[in-house]
Structures are given as structure tokens and as C-alpha cells.
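Enquirer: For reference, the chains in residue letters:
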Amino acid sequence: MGRGSDLTTSEELMAAVAAGDLAAFDQLVRRHEREVWRVAYRYVGDASEAEDLAQSAFLRVLRAAPRYRSTAPFRTYLYQVVTRLCLDHARKHRPVYSDELPDHRPAADERLVARERERRVREALDGLPGNQRIALILRHFEGLGYGEIASALGTSTKAVERLLARGREALRGTLRDLTP
Amino acid sequence: MRCTRVCRSLNAYADGELKPSAARQIAAHLEQCPACRARLASLHEAAALLANAPEPPPPPPWLGARVMARARSEVLRGSWTRPLPGLARSLSWLAGQAVPMRLVTALTAALAVLAGVAMGTAASRAVRPPAPMAQSAAAEGIEWFDVAPPGGLAASYAVVDEVKP
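The listed protein sequences correspond, in order, to chains R and E. Using our numbering, you'd call the opening residue of the first sequence number 33 and step up by one each time. Using our numbering, you'd call the opening residue of the second sequence number 49 and step up by one each time.
Don't read these hints as lab results, they were simulated from the structure. C-beta atoms are modelled at their ideal positions from N, C-alpha and C, and glycine is treated no differently. Certain hints may be false.
To be verified - Examples of chain R residues lying across from chain E (beta carbon under 10 Å, computed): (1) 81; (2) 83; (3) 90; (4) 95; (5) 106; (6) 107; (7) 143; (8) 151; (9) 171; (10) 173; (11) 179; (12) 201; (13) 207.
One chain only, chain R, in its complex shape (with noise of 0.2 Å):
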């Protein structure tokens, strides 16, 4: 491995792949993997579309790391990386979900309900337009600021106050059986 194992932050990691080291980008697809494949997943709700999602996803930020200026932090970049490619993706495709989700679950009932549950709140999730479902997710799942989201879809925090707030009004509004 080249100096980038030496690097601790991603900002340096990416001024290291800027200056064509190969090892630096390998620890950087690997310290930021988990982020950008649940982020895709969670948008196209499928492990192969979302696996090319994250690998376009990379690549994209290998080419772009020549004129990376890390004026934000990397994560954020990252994010609005994979946001785009997301929403461009939307344009492209309507989210199919596989029926692979993790079977750690208790009982046989209580599986068939929460599975239930998880289907029709995927299933909301999946009615939403693009932009209030990505905001939903970096906010709700990534735990992302709106200053942070507003980066990411390039529009300002007060957009992304009203994309969530029409968001949670619709998923209220189509789960309302299943609010206590």
C-alpha cells in the first residue's frame, strides 16, 4: 500500500488519489463502502441496482479527485455524489424491491407482521418523489443536518425543510392504519 496508509483523514485521502495514489482510493472505498451502499439501497431498494449505484458512485469521485477542493467535508461530498446519481436514476427507473431482506426476526407471526410493516412503509417511501425521498433518507437514516442535505441536493435549507416536511406529511397521510 502507498503513503495513503498513512493518511487518517478522507480530505487527504482525496488530495492523495489527486495525485494518482491508487492505495489511498482503495481506503477510501473502504472506509466510506457502508455509507454509500445503504444510502443506495435504501433508494433503489434493490442489492444489484444499488451495488452499481455505489460503484458508479466511486468512480465517479476517482475522476473528479483532480479537482476535488475539500472545502467541505469529504462526507458531504460524497453524499451529493451519490444523491445525484440517485435521483438521476429515479429519472431512469421506477425502485423495485427484492425480497431479500434480512431474516433475524423472532417468531413466525410476529415475523409476518413486522415484515408487513416494513413492506408498506418501503412501499410509501417508494410512492415519494425523489428529492423528499432522498431528503427522508440522509435525514432519518444517515442522520444528516439540513445544511448537509441542502449540500448534497444542491438547494437550501429552507427547500429541504419544506421536501421533508411534505414528505412526513405524505408517509403519515398513506400509514395512517399503522400510527398508533
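Got chain R; can you put chain E on it based on the hints?
Expert: Just chain E now, kept in the frame of chain R:
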């Protein structure tokens, strides 16, 4: 604070995105307003619903390896070009320039190239082209297209060749 104004900021309040002073104002309103408290509760319900979303499976173990394989092939194909360190450094100042300054730089570079081309053309015209071969041979008194110029070694060979049986 009015309910309409509170409603506009309720999502940001629920997400902890408001400045402390604004958050305090909303909290004070919520204490007195059951309708806004109900709206806030519905936002929490939506968040609770999302907690039912299925957890994604872990990424496939080969993901990183596949990304790296594609990265290496891009590097080999040359579709990912590393910046040349010396050139990149010498041009990096350009990225920090304002757009008009970049235009001036680009125009200057274009003019320099044009001037170079013009000077090259003028210089090549100034050099006299070599005389055509026949003309130059005539000037030297040589008949290039004779089989064997008379008096030369080749003429002797030609004579010997003719007397052979």
C-alpha cells in the same frame, strides 16, 4: 408567536435545526397551544413510521474489490488522467483567478500561438527552395540520363560489354 409561523418552523424545531432563541420561542408557544402540540406529535409519528423501514443488508463483500478493479482499468485505459505534478502546479494559480483574468490569460496565450505560427511561416518563405534536380545537373554539366557519360569508367565497361561474344 402565531400558529402559522410556528407551523412553518415546526419541522426544523423537531429536527433540532433552529437557533436556540427561535427554538425557545416555539417551545413557549407549544406549551400554550394544543393544536401545535398535535402537529408536532404527528411529525414524531412520521419519524416513528420510518423506524419500521427495513434495514439494508450489508454491502456485498466484493463491492470494494470490484470498484478497485474498475478503477485500475480506468487508469490503464487512461480515461482517468492524473494531473502532471509540474504542469498542475504551474497552472494551479489559474484556478484561483477571476473569470476576466482567465479570459485575458487565454487571449494572451492564443495571441502568442498565432504570433508563433506567423513567424514560422515568414521564416520558411525567406529560405530559398533548392533548384530542381535537372536544372542543377545542367548547371554542373552532367548528363544524368546518359547510360555512361563519355570518358568515364562506366563507358569503358560499356565498351567491354559490347565486344563480349
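Enquirer: Identify every previously stated hint that the structure contradicts and give their numbers, smallest first.
Expert: 1, 5, 6, 7
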